[in-house]
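Asks: From first to last, the protein sequence lines stand for chains P and B. Number 163 in this note's numbering belongs to position 163 of the first sequence; there are no gaps in the numbering. Number 1156 in this note's numbering belongs to position 140 of the second sequence; there are no gaps in the numbering.
Calculated directly from the structure, the hints in this document are not laboratory data. For every residue, glycine included, the Cβ atom is placed at its ideal position computed from N, Cα and C. Keep in mind that the hints are not guaranteed to be accurate.
[Unchecked claim] Dumping the calculated EDC-like pairs for lysine to aspartate or glutamate here, alpha-carbon to alpha-carbon at most 20 Å:
{"id": "1", "chain 1": "B", "residue 1": "K1410", "chain 2": "B", "residue 2": "D1089"}
{"id": "2", "chain 1": "B", "residue 1": "K1340", "chain 2": "B", "residue 2": "E1324"}
{"id": "3", "chain 1": "P", "residue 1": "K244", "chain 2": "P", "residue 2": "E372"}
{"id": "4", "chain 1": "P", "residue 1": "K243", "chain 2": "P", "residue 2": "D33"}
{"id": "5", "chain 1": "B", "residue 1": "K1331", "chain 2": "B", "residue 2": "E1307"}
{"id": "6", "chain 1": "B", "residue 1": "K1340", "chain 2": "P", "residue 2": "E299"}
{"id": "7", "chain 1": "P", "residue 1": "K605", "chain 2": "B", "residue 2": "D1037"}
{"id": "8", "chain 1": "B", "residue 1": "K1107", "chain 2": "P", "residue 2": "E837"}
{"id": "9", "chain 1": "B", "residue 1": "K1338", "chain 2": "P", "residue 2": "E493"}
{"id": "10", "chain 1": "P", "residue 1": "K244", "chain 2": "P", "residue 2": "E215"}
{"id": "11", "chain 1": "P", "residue 1": "K486", "chain 2": "B", "residue 2": "E1307"}
{"id": "12", "chain 1": "B", "residue 1": "K1340", "chain 2": "P", "residue 2": "D427"}
{"id": "13", "chain 1": "P", "residue 1": "K605", "chain 2": "B", "residue 2": "E1041"}
{"id": "14", "chain 1": "P", "residue 1": "K631", "chain 2": "P", "residue 2": "E569"}
{"id": "15", "chain 1": "P", "residue 1": "K605", "chain 2": "B", "residue 2": "D1049"}
{"id": "16", "chain 1": "B", "residue 1": "K1338", "chain 2": "P", "residue 2": "D420"}
{"id": "17", "chain 1": "B", "residue 1": "K1340", "chain 2": "B", "residue 2": "E1318"}
{"id": "18", "chain 1": "B", "residue 1": "K1338", "chain 2": "P", "residue 2": "D699"}
[Said to hold, decoys possible] To spell it out: a stretch of chain P is covered by chain B in this simulated footprint if at least three of its residues, at any positions, have a beta carbon under 8 Å from a beta carbon of chain B; those stretches are:
{"id": "19", "stretch": "594–604"}
{"id": "20", "stretch": "650–658"}
{"id": "21", "stretch": "669–682"}
{"id": "22", "stretch": "716–726"}
Residue strings, one per chain:
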Amino acid sequence: MVGMQDRVYSFLLFSIFLQMGYSQQTISGFVKDKGSSSPLVGATIRVKGHEQIGTITEINGSYSFDVPVETESLIFSFIGYQRREIPISEIKDAVVFLSVSATFLDEIFVVGYGTIARSDISGSVSKIKKEDIEGIPVHSLESTLQGQVAGVFISNNSGKLGQNIDVRIRGSASINASLEPLYVMDGMVINSSDQISMGDLRLNPLADINSNDIESIEILKDASAAAIYGSRASNGVIIITTKKGVVDATRINLDMNVGWSDPTRKRKWLNASQYLELWDEAFANVANTDGQLVGQTGEQWKDKWLPGWRDGYDTNWEDLMYNEKAGQKQLQLSMAGGNEKTRFYLSGGYSDQTSIVILNSFERLSGRINLEHRANAKLDFGMNMSLARTLKEVAPSDPDYAAPAGIIGQSPVQPLYDPDNPNELFDSTVYFHSRFYIDNTELTNVNLRTIGNAFLNWRPLENLTLHTDFGLDLLSIKAERFYNSKVARNTREPNGLKRTRSIQNYNYSVNNYANYKIQKQEQHLDITAGMTFQELNESRLVVAGRNFPNDDFQNLSSAGEIFSGVEDETAFSVLSWFARLNYNYDQRYLVSLSSRIDGDSRFGKDNRYGFFPAASLGWVISEESFYKSKKFLSYLKFRGSWGLTGNTPLERFPALGLFTGTRYAGGSGIIQTQIPNPNLKWEKTRQIDVGIDFGLMKDRISGQLDYYIKNTEDLLLQVNIPSTTGFPRQLQNIGAMKNKGFELVLNSYNLTGTFKWRTTLNFSKNANKISNLSGQVIESGVSFINVSRAIEGQPIGVFFMPEFAGVDPNNGDALYYLNKPLDNGQLDKSTTNNLNEAQRVIVGDPNPDFIYGFQNTFSWKGLELQVLFQGVHGNDIYDGGGRFQQDGFGWFDNQDIRMLGRWQQPGDQTEVPQVRFRQGTFHSSRFVEDGSYLRLKNISLRYEFPLKLIKKIGFRQLTIYGSGQNLWTKTNYSGRDPEVNTDFGVFFTSGNIASGLDFFTPPQAKTIVFGLKVGF
Amino acid sequence: MKKLLVLFVFLFFFFAACDDDLDIEPQQAISTDVALSTDQGIRTALIGTYQLMIALPTFFGHEVLNSDLLIDDDNLFWTGFFADLTPILNKAIPVNNAPVEAYWINAFRIINQTNSIIDALEFVKENDRPAVAGEARFLRGMVYFDLINLFSRTWADGNATTNLGLPIVTTPSEKSLANPFVARNTVAEVYQFILEDLIFAADNLPEQNGVFATRFAAKAVLSRVYLIQEQYDLAAVEVDDVIKFGAFALLPEFAFVFNSSENTSEDIFSLQFTANERLNNLSFLYSGVIEGGGGFIGITDEHLAKYEADDKRSKLFYIDQKNKIRRTAKWQPISSNDGNMSLIRLAEMYLTRSECRFRIGDIEGATSDLNIIRVRAGLPILLETEINLSIILKERFLELVFEGHQFRDVKRTQQPIGDLSFDDPRLIYPIPQREMDVNPAMVQNEGY
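Extracted from the complex, chain P is given alone in its bound form (with noise of 0.2 Å):
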């Protein structure tokens, strides 16, 4: 590397040298864009032959240099215009006109500190471009994404607004540690992990941002693209580009729209007659010969316990889970315009959404502004700034019995309302239920974000740009859970009860760094070096309070106790260098050579500093002048990659050894809180990355393969140690993981005249392997659901349980293989009703083999219909409510509708046990089924008038369009929604594993949209 750098400096003051001696002439003119006739500032203007002499164009669009007087022609390019060669003889003082590039090659990608050009990428990045993104009803721009790009795996969990939304790029490459991509904001790393709250639900700061405001999203995903991110960068990086500003009239645009949402699909219960009837069934099955069970019989049971059974009441609890009206409202505002020195894009957005079940919502307020301004040819500087205040609504999480889904627990037999006070709820159902949170609580979450950076690039070279910028992040979150006397049998809290936490986090950081771009003749030369410094500081405040006068106050002043006060705060901070440098030769021969070295503050003295090289090599055989088959195969390109990545720890200080302070009897004490492990370091990723660009048929169709092995080492692992020293985890680096896969896109223009058709293609397979544990057992950490598992040789979260081998035709009894270990070292298939005898086996994967998303495009003159499907394939989901919900009654929840084929007698051969009050069951693979699905993940139609038509009327745009989300999903999956995922939270020791879990979970919506888009 050294002598490397060495060889380029010698080469950077060669090149200056070259510039003196020669006899010259004087050259000026403008260059603008074709279509708008607008200049463009900064192209660069090179002579023919002689690469190293070239000056870039002021901010009207003029030039002026002096050229040798042998000079032929001249070479006028921009980035993301097509390249001009144009003879000199045709240039004094003309216009040159450069149009935007056409092909995918020339196609711009933000990358971290720089961007660069689609032909000169030799590592794996995709982009998401705006025109994919607008008119998406979601609340949070990760749901975009999902199905458009290969290798990303965006999962939705449940319909519930505001919550975490699962992205992984290339596969789960930790245990412990964080499986989200870094989120870089216009060059700055933003706040995006989960924002637990309560202590119990995962929350989504990047809904705090509007996905209307957003130029491009690009995807860094293999280890040269993403290692200029160093620590941080295992698991991807999502690169977010605002919109900015053009030189041009001031245009206004304004989007609205209104949909209509329902659940994607609802479950079935019994109803009230067949409860009756299969309840009568259990009861009798376990009474004894006096139709008795301790004591009582079956309509002594019922009269105890499920009050108003014999007043013939049929109750669809699964409906009441659910919003009558659940939709959305949108409004979009935006202004852009400016001209050669000032360019600005002001936007206000409004998103109100109801969602579909009960007690969540979301709203958001947003504002934009982002200035750019030009003092001259060398220097620039501008701001890029958002606001937003975002209210939601947060129902209780899946394992409470307030939560929305919860309520299908409750008796059909039993009535919503008390029927002797029609305007209260029955109270002596079986269960409390989230029908009581109505009107009864307030929960809910307000986040007031502001994102912003001010940048100055100065250019005191014409080929030397020095960029500083600094950027702040602020997160204030207030968060209140109020529950009045009436909801006193879930809180216990006879008079009210209240709790508020204020968290404030700041996140500021610091970029600093030059980039020099050369050319000579055919070597194209790009070196990117600087720093970064990041801190993000969190502090929180909960105080709780109890004992209000009356259900009418709620403010923590009228509490007749201030029962708990916590305040804490946590930061860390991260200083990084970092350097790359692009080479190409005559567009044929690509290197890239990164590296970042990190420092951390979460790590010991002596362990903090880490350094993350990366190098890519491509190859365009294409343009090499023994390729013959251009005709054919119009573009080839070769790339290959490796890099080195980190991965840090969620915790803040993981490596000490901590006590805390507690209370006990009036007086202080402390209490240890954690074994330290001085040695911490990084989850370390060693990606490999070899892939092919092509273009067909003059690149009509075009594509990208690639291949990579993810090696994961020293994993940040929660570590089970015996509890008798004291503790059952420590955080160590311990165990390996690997993934693997190959991800392919096709993007055809199929028809391009009048009529046109485009078809874009994405699958990615990736295999998920832990290649090392030491031997650890690590399981997800709730007992009551504690089925996933990370298990040496097998994918990460696999289910871990009793595997259910049917009924006993002739008792009824649920039958489970005993698979224990033979001599011969097969598993003893034999079957036991005993489930403690029967041994744990895998019984399932939670990791879907293969995604792929499947876009058409059709458009004839301003009519266009977009459609997209997606989906998932080969992954397991374990129900983890059918230990209730298909337990024979275990108490007297109701039970799914598949517990009509119960055994009833002897000879009878079904999967469903007989049903025996009491009895429950536990986990066992009964409950575990195939996830794939298929969805018509959007669709969407619009129409642009014709200018001629409205621009009488004084509009520059007008476009009606309705679109709708997840209209139609193919699955075998019995539950509610196959894209699920219980939202347990801060419940699990290792989050990363339990996947793939529904319980009691709500499922998706489905959404239509109609909208209108006004342009001035």
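On the provided structure of chain P, position chain B as indicated by the hints.
Replies: For chain B alone, kept in the frame of chain P given last:
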């Protein structure tokens, strides 16, 4: 060029200044070496140990209850569905039962905290060392004693010198990590260890210590150990010391004993629930829904039939307003906060002494102790000629029921539970599966 230089100099100094910014210290926690290096630090760690006992959600509250569930025959019934506790009542505990696992982990966490204190005694003022050591060893001995009751065969069941007890751990976690795979010591070894701790505590703890452990608390637990070991004379001596101290007195009314947020004169040792730690799990599980609990445990008619007429203790039940189920009033949330969790009270001392005296042959003493309890319960006194061991044991049962004593009493007196003999393996907790998985030296209990 000048500006460029200025900028570069600026940038250069910016990097140079930043390394210190990586030094971030936790704000609400302190590192181990700081925490336990002062006299004050160790004293607060001692207070923290008590907090651990009540803060770990499934520890003491559930243990007093869970042992009662496991040993119960016909006194209580489950009036809800609680998937992890019903197997304990049904005496069919899966090896990965969550409350059992939580109990094991939390108990050793408390033991570790006491070990950390004992390991750092050098930082305590010399004069105070014995008392601080005594308090830590009392807590350690008491937790070990509860552990061995539930996880091992009882003392008289088979051979205590070969039956497996628990690993004896005496080092703090930093040191324990060097050799984490500890094997189970024998029952006899663990009892010896518990006795050493408790005797040391009884010798070195002060007579009065606010709401914290006193030498009488240590003596009371010692008496429980001796009872199990059938060392009635030794148990009687310890109990005698407690009663004769004189600072403790039975309350005039049985109903006053429970759900107090202050220690009463009858309390020898109890866990304090202040407003900040409101959730006394026993109150939650035993109480009816409208009464502020979760409505989980009902009391059977069979239990109520065990009382003599006029027994005031039989009045300490109520029918809950919501489900109309009989609940015990021994554990009830009270308005300002849940009541304390009394772990040792004087009535037990009289009953223990009565039993010991009877077994040693002091019938007169036994009778007088028994009558003290009977009189308070509003029952007629019994004559020396009228009493026998089973009457004493029944009195003990009725006085202390639902307070976590039944498990030890049933085991040591070798009563059957339903169809199960006292030594049935199902009446012992399994070693948690997670512990079996991580510690190759760990041996599972019979029957699991």
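Asks: Work down the list of hints and note, for each, if the structure agrees.
Replies: Structure-based check of each hint:
no.: 1; hint: B:K1410 / B:D1089; verdict: holds, 14 Å
no.: 2; hint: B:K1340 / B:E1324; verdict: violated, 24 Å
no.: 3; hint: P:K244 / P:E372; verdict: holds, 8 Å
no.: 4; hint: P:K243 / P:D33; verdict: holds, 19 Å
no.: 5; hint: B:K1331 / B:E1307; verdict: holds, 17 Å
no.: 6; hint: B:K1340 / P:E299; verdict: holds, 16 Å
no.: 7; hint: P:K605 / B:D1037; verdict: holds, 12 Å
no.: 8; hint: B:K1107 / P:E837; verdict: holds, 16 Å
no.: 9; hint: B:K1338 / P:E493; verdict: holds, 16 Å
no.: 10; hint: P:K244 / P:E215; verdict: holds, 8 Å
no.: 11; hint: P:K486 / B:E1307; verdict: holds, 14 Å
no.: 12; hint: B:K1340 / P:D427; verdict: holds, 14 Å
no.: 13; hint: P:K605 / B:E1041; verdict: holds, 12 Å
no.: 14; hint: P:K631 / P:E569; verdict: violated, 64 Å
no.: 15; hint: P:K605 / B:D1049; verdict: holds, 16 Å
no.: 16; hint: B:K1338 / P:D420; verdict: holds, 16 Å
no.: 17; hint: B:K1340 / B:E1318; verdict: holds, 17 Å
no.: 18; hint: B:K1338 / P:D699; verdict: violated, 75 Å
no.: 19; hint: 594–604; verdict: holds (count 3)
no.: 20; hint: 650–658; verdict: holds (count 5)
no.: 21; hint: 669–682; verdict: holds (count 8)
no.: 22; hint: 716–726; verdict: holds (count 7)
When held up to the earlier numbered hints, the structure conflicts with 2, 14 and 18 and fits the remainder.
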